[in-house]
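Colleague: Based on the provided sequences and hints, a complete structural model is requested.
The listed protein sequences correspond, in order, to chains E, L, P, G, U and B.
Per the working numbering, the first sequence starts with residue 1, numbered consecutively.
Per the working numbering, the second sequence starts with residue 1, numbered consecutively.
Per the working numbering, the third sequence starts with residue 1, numbered consecutively.
Per the working numbering, the fourth sequence starts with residue 1, numbered consecutively.
Per the working numbering, the fifth sequence starts with residue 1, numbered consecutively.
Per the working numbering, the sixth sequence starts with residue 1, numbered consecutively.
Bear in mind the hints are in silico, worked out from the structure with no lab data behind them.
A portion of the hints provided could be inaccurate.
To be verified - Label-pair restraints from in silico Cβ distances:
| hint | chain 1 | residue 1 | chain 2 | residue 2 | range |
| --- | --- | --- | --- | --- | --- |
| 1 | B | 71 | E | 10 | 49 to 59 Å |
| 2 | U | 2 | B | 129 | 36 to 46 Å |
| 3 | E | 38 | L | 157 | 16 to 26 Å |
| 4 | P | 38 | G | 159 | 17 to 27 Å |
Backbone N, C-alpha and C fix where the C-beta goes; we use that ideal spot for every residue, glycine too.
6 protein chains.
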Amino acid sequence: MNHTALLPGSFSPITLGHSSIVDKILPLFDKVIIGIGVNSQKSHWLSIEDRKHLCELVFKSSPKISCTFFNGLTSEFCRANNIKYIVRGVRSFTDFEYEYQISQTNKQLAPELTTILLPADSHLIHVQSTTIFDIIKYGGDTSSFLHPQVRDFLHTKINNRS
Amino acid sequence: MNHTALLPGSFSPITLGHSSIVDKILPLFDKVIIGIGVNSQKSHWLSIEDRKHLCELVFKSSPKISCTFFNGLTSEFCRANNIKYIVRGVRSFTDFEYEYQISQTNKQLAPELTTILLPADSHLIHVQSTTIFDIIKYGGDTSSFLHPQVRDFLHTKINNRS
Amino acid sequence: MNHTALLPGSFSPITLGHSSIVDKILPLFDKVIIGIGVNSQKSHWLSIEDRKHLCELVFKSSPKISCTFFNGLTSEFCRANNIKYIVRGVRSFTDFEYEYQISQTNKQLAPELTTILLPADSHLIHVQSTTIFDIIKYGGDTSSFLHPQVRDFLHTKINNRS
Amino acid sequence: MNHTALLPGSFSPITLGHSSIVDKILPLFDKVIIGIGVNSQKSHWLSIEDRKHLCELVFKSSPKISCTFFNGLTSEFCRANNIKYIVRGVRSFTDFEYEYQISQTNKQLAPELTTILLPADSHLIHVQSTTIFDIIKYGGDTSSFLHPQVRDFLHTKINNRS
Amino acid sequence: MNHTALLPGSFSPITLGHSSIVDKILPLFDKVIIGIGVNSQKSHWLSIEDRKHLCELVFKSSPKISCTFFNGLTSEFCRANNIKYIVRGVRSFTDFEYEYQISQTNKQLAPELTTILLPADSHLIHVQSTTIFDIIKYGGDTSSFLHPQVRDFLHTKINNRS
Amino acid sequence: MNHTALLPGSFSPITLGHSSIVDKILPLFDKVIIGIGVNSQKSHWLSIEDRKHLCELVFKSSPKISCTFFNGLTSEFCRANNIKYIVRGVRSFTDFEYEYQISQTNKQLAPELTTILLPADSHLIHVQSTTIFDIIKYGGDTSSFLHPQVRDFLHTKINNRS
Numbered sequence: 001m002n003h004t005a006l007l008p009g010s011f012s013p014i015t016l017g018h019s020s021i022v023d024k025i026l027p028l029f030d031k032v033i034i035g036i037g038v039n040s041q042k043s044h045w046l047s048i049e050d051r052k053h054l055c056e057l058v059f060k061s062s063p064k065i066s067c068t069f070f071n072g073l074t075s076e077f078c079r080a081n082n083i084k085y086i087v088r089g090v091r092s093f094t095d096f097e098y099e100y101q102i103s104q105t106n107k108q109l110a111p112e113l114t115t116i117l118l119p120a121d122s123h124l125i126h127v128q129s130t131t132i133f134d135i136i137k138y139g140g141d142t143s144s145f146l147h148p149q150v151r152d153f154l155h156t157k158i159n160n161r162s
Numbered sequence: 001m002n003h004t005a006l007l008p009g010s011f012s013p014i015t016l017g018h019s020s021i022v023d024k025i026l027p028l029f030d031k032v033i034i035g036i037g038v039n040s041q042k043s044h045w046l047s048i049e050d051r052k053h054l055c056e057l058v059f060k061s062s063p064k065i066s067c068t069f070f071n072g073l074t075s076e077f078c079r080a081n082n083i084k085y086i087v088r089g090v091r092s093f094t095d096f097e098y099e100y101q102i103s104q105t106n107k108q109l110a111p112e113l114t115t116i117l118l119p120a121d122s123h124l125i126h127v128q129s130t131t132i133f134d135i136i137k138y139g140g141d142t143s144s145f146l147h148p149q150v151r152d153f154l155h156t157k158i159n160n161r162s
Numbered sequence: 001m002n003h004t005a006l007l008p009g010s011f012s013p014i015t016l017g018h019s020s021i022v023d024k025i026l027p028l029f030d031k032v033i034i035g036i037g038v039n040s041q042k043s044h045w046l047s048i049e050d051r052k053h054l055c056e057l058v059f060k061s062s063p064k065i066s067c068t069f070f071n072g073l074t075s076e077f078c079r080a081n082n083i084k085y086i087v088r089g090v091r092s093f094t095d096f097e098y099e100y101q102i103s104q105t106n107k108q109l110a111p112e113l114t115t116i117l118l119p120a121d122s123h124l125i126h127v128q129s130t131t132i133f134d135i136i137k138y139g140g141d142t143s144s145f146l147h148p149q150v151r152d153f154l155h156t157k158i159n160n161r162s
Numbered sequence: 001m002n003h004t005a006l007l008p009g010s011f012s013p014i015t016l017g018h019s020s021i022v023d024k025i026l027p028l029f030d031k032v033i034i035g036i037g038v039n040s041q042k043s044h045w046l047s048i049e050d051r052k053h054l055c056e057l058v059f060k061s062s063p064k065i066s067c068t069f070f071n072g073l074t075s076e077f078c079r080a081n082n083i084k085y086i087v088r089g090v091r092s093f094t095d096f097e098y099e100y101q102i103s104q105t106n107k108q109l110a111p112e113l114t115t116i117l118l119p120a121d122s123h124l125i126h127v128q129s130t131t132i133f134d135i136i137k138y139g140g141d142t143s144s145f146l147h148p149q150v151r152d153f154l155h156t157k158i159n160n161r162s
Numbered sequence: 001m002n003h004t005a006l007l008p009g010s011f012s013p014i015t016l017g018h019s020s021i022v023d024k025i026l027p028l029f030d031k032v033i034i035g036i037g038v039n040s041q042k043s044h045w046l047s048i049e050d051r052k053h054l055c056e057l058v059f060k061s062s063p064k065i066s067c068t069f070f071n072g073l074t075s076e077f078c079r080a081n082n083i084k085y086i087v088r089g090v091r092s093f094t095d096f097e098y099e100y101q102i103s104q105t106n107k108q109l110a111p112e113l114t115t116i117l118l119p120a121d122s123h124l125i126h127v128q129s130t131t132i133f134d135i136i137k138y139g140g141d142t143s144s145f146l147h148p149q150v151r152d153f154l155h156t157k158i159n160n161r162s
Numbered sequence: 001m002n003h004t005a006l007l008p009g010s011f012s013p014i015t016l017g018h019s020s021i022v023d024k025i026l027p028l029f030d031k032v033i034i035g036i037g038v039n040s041q042k043s044h045w046l047s048i049e050d051r052k053h054l055c056e057l058v059f060k061s062s063p064k065i066s067c068t069f070f071n072g073l074t075s076e077f078c079r080a081n082n083i084k085y086i087v088r089g090v091r092s093f094t095d096f097e098y099e100y101q102i103s104q105t106n107k108q109l110a111p112e113l114t115t116i117l118l119p120a121d122s123h124l125i126h127v128q129s130t131t132i133f134d135i136i137k138y139g140g141d142t143s144s145f146l147h148p149q150v151r152d153f154l155h156t157k158i159n160n161r162s
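Modeller: Shown next, in the form of structure tokens:
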């Protein structure tokens, strides 16, 4: 049988935390889809095109991984793409509570779905999207959070903006 | 003595979770007031008139239950209406923390007030206002979350919108 | 209809926190039963007889309140005594999680049961059975935690012991 | 490549919650090992032989699943058996915190290990070992928690004891 | 050596909770800087000038305390001002989680930084900025939350507004 | 003025986490007392003499630090030794809740006491006393948790035991 996992998220931007999660589950799946949510109510400092571009940069040498936009219900997206597993990293209690509630909603809408949670490595638990923006903007060091190619892209973008 | 309970909330929309809480405490009170908050800073996808209409639909056969808007301090509303008990459902830790802090504020402003928390039934813990909107919008099944009459109203409304 | 509430616990010893909870819910019920659990796996520094004696001391002027031992399943005790409401104080997150799980077990064993949680007043959130023992033993002041008659009893008992 | 998952636990007794977790991850692995910990400091009301017997009863028709005792460090057991994935169900915040800390310890001792957490289905979140013992002992209904063959075994055992 | 502590926050407005924290740590430091964050994404009902004015009112008789705006990375501000200690009050679990993550980010950006968390006194745990606004607006009593001079300022301001 | 901090704990054994906390607060105090609790109800695999010996080994070159047993109420010990500050590391939510409650008890018994909580560095959050024992017993690597001199002592002790 063919197993596909969805890693949904905003990826604003993709971090070492995300790719660490993909690396861990990749051996178990035939295909991993990076699903970049486009209907989130959160405002993002990165356009969805930039977010997808950075995901593709990071995973370009992995033929089992593809990056795609998705909107609408996660459960419908999974059914349409024959996905049975959703994977999410969990850094904190608030994360856990949120993921738990979402997993139960997905379960109710699509009982065949399984949500897999992976505890973030402890040296990455504090990496957050808005923090990263601030660190780059004010000249902090992001090398422990971000892939080099993502870092280069963002430093250029943010410094040109101001 | 006459006992009145206030169930304050945004009711955006009323769910099976809310009416389950009302059912549980109704025998203990002479009157239960569904207090639809109108000064909340949250943006809602349902107007306050629609929210009140749906509450009234759900509770129309219960003479002990009334639905009303309220704004301002909960403690002042309670004093003005001779209410000594505030009732809230709790689904999660974040809920609990929020309710705990609000209960202590109310206690300090009006020491005669008692806050009663009811644990949500475990099959309803994941029902959230924004989730419901998405599920209806993208064609998911809401029958385990919503009363039939609420479901009909919302399906019509959301489908006409788009 | 006749409404009875059960306040189950170890009451080792009864504190101002317990009686504050009873005071708050007493107007809603015809009868409140203080249920002193005798099959708890926790070891206690107070015998169950002493614990019951102290509860009776505290509530002796309240005809609606009775104190009793109970063992076995809470849900069976409630059924045998026609109790529909279980009341518990909640001081903390760990408390909340424990109470939530117990309430769901009770709900599954006896669907007619409702668990009511009351947030402890913030100045009492740190009162714990083992702490009280230590405070008395080492001469600390317990007047903000304990009823005078409980305090007298325990001071005598603990000082005579050593 | 051959993928093996370890589901460590006390299985005192195995519940529908455990087998639900195994069912969810089984398609991803070539082999799943039910690892019954024998060096836990918790006292159990079921002998390790009974616990293993019940696991084998439940999984006897699944050739990919084996049941075994293990003691010592989980990370060493995994290395000795070429296991890269540890799977655990998570019912609550306290569970999550515990699992998170254990996963980080295992990661530090054996960086090649990945811990996968599966949120327990919400109707099973309140199933706990000691609760099950009490429910059986006092005649409650365990059919929503336990497999029929486990239930039969335990009812006989506990009723004969008293 | 000279020790300086930074108490960063939005101080919207300064409360008895904040000054209680300053009082507790003041003996340990030669200088305490009240750092009023101006780049926060939160919208505030008080201008930063008003917030600074109220902090200065409260601390005007303490020569060791100064009030200043700051924006950008906390870690950069600390380096520029030779600050090694950041102090924050913690009222709740959500607070703790947030502070924990921020402390780890700061640690990574500036390893010489130490974050000190002080548990808020239990009678102040429910004081929140938006709550205070509502209480003043609707005529509630703020004397247990606010310094008299802050109260006077805000009552005048809010009542003139409407 | 002379400032003394108490770091109370079981130190079973002292870890890099403990000394990291001492290092961070040492500049703020004239004296730091490592208070090894002898009346804890927890059973320990290390005698209190061994625990004190290991603390002294670790801190022997720091004249401002002393190691001592203490029993009874922390608040009484602080009064007797003119200590105004208690320092504790916090690794997790459960830790935080426990520390919060203890800090409020101490505050009530001795209002002049301030409790300072320091978030554990994220790479040390999973270090626990019982885990350490198991890791040594089963031959795991403790170099990221323990000082070399503590490691040597414990490896010898535990290997001689079995």
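Colleague: Against this structure, judge whether each hint is valid.
Modeller: Results for each hint:
1. In this structure the hint that residue 71/B and residue 10/E lie 49 to 59 Å apart at CB holds, the actual value being about 53 Å.
2. At about 38 Å, the beta-carbon gap between residue 2/U and residue 129/B stays in the expected band of 36 to 46 Å.
3. The hint said 16 to 26 Å for the Cβ distance between residue 38/E and residue 157/L, and at roughly 24 Å that hint holds.
4. The given range of 17 to 27 Å is respected by residue 38/P and residue 159/G, whose C-beta atoms sit roughly 21 Å from each other.
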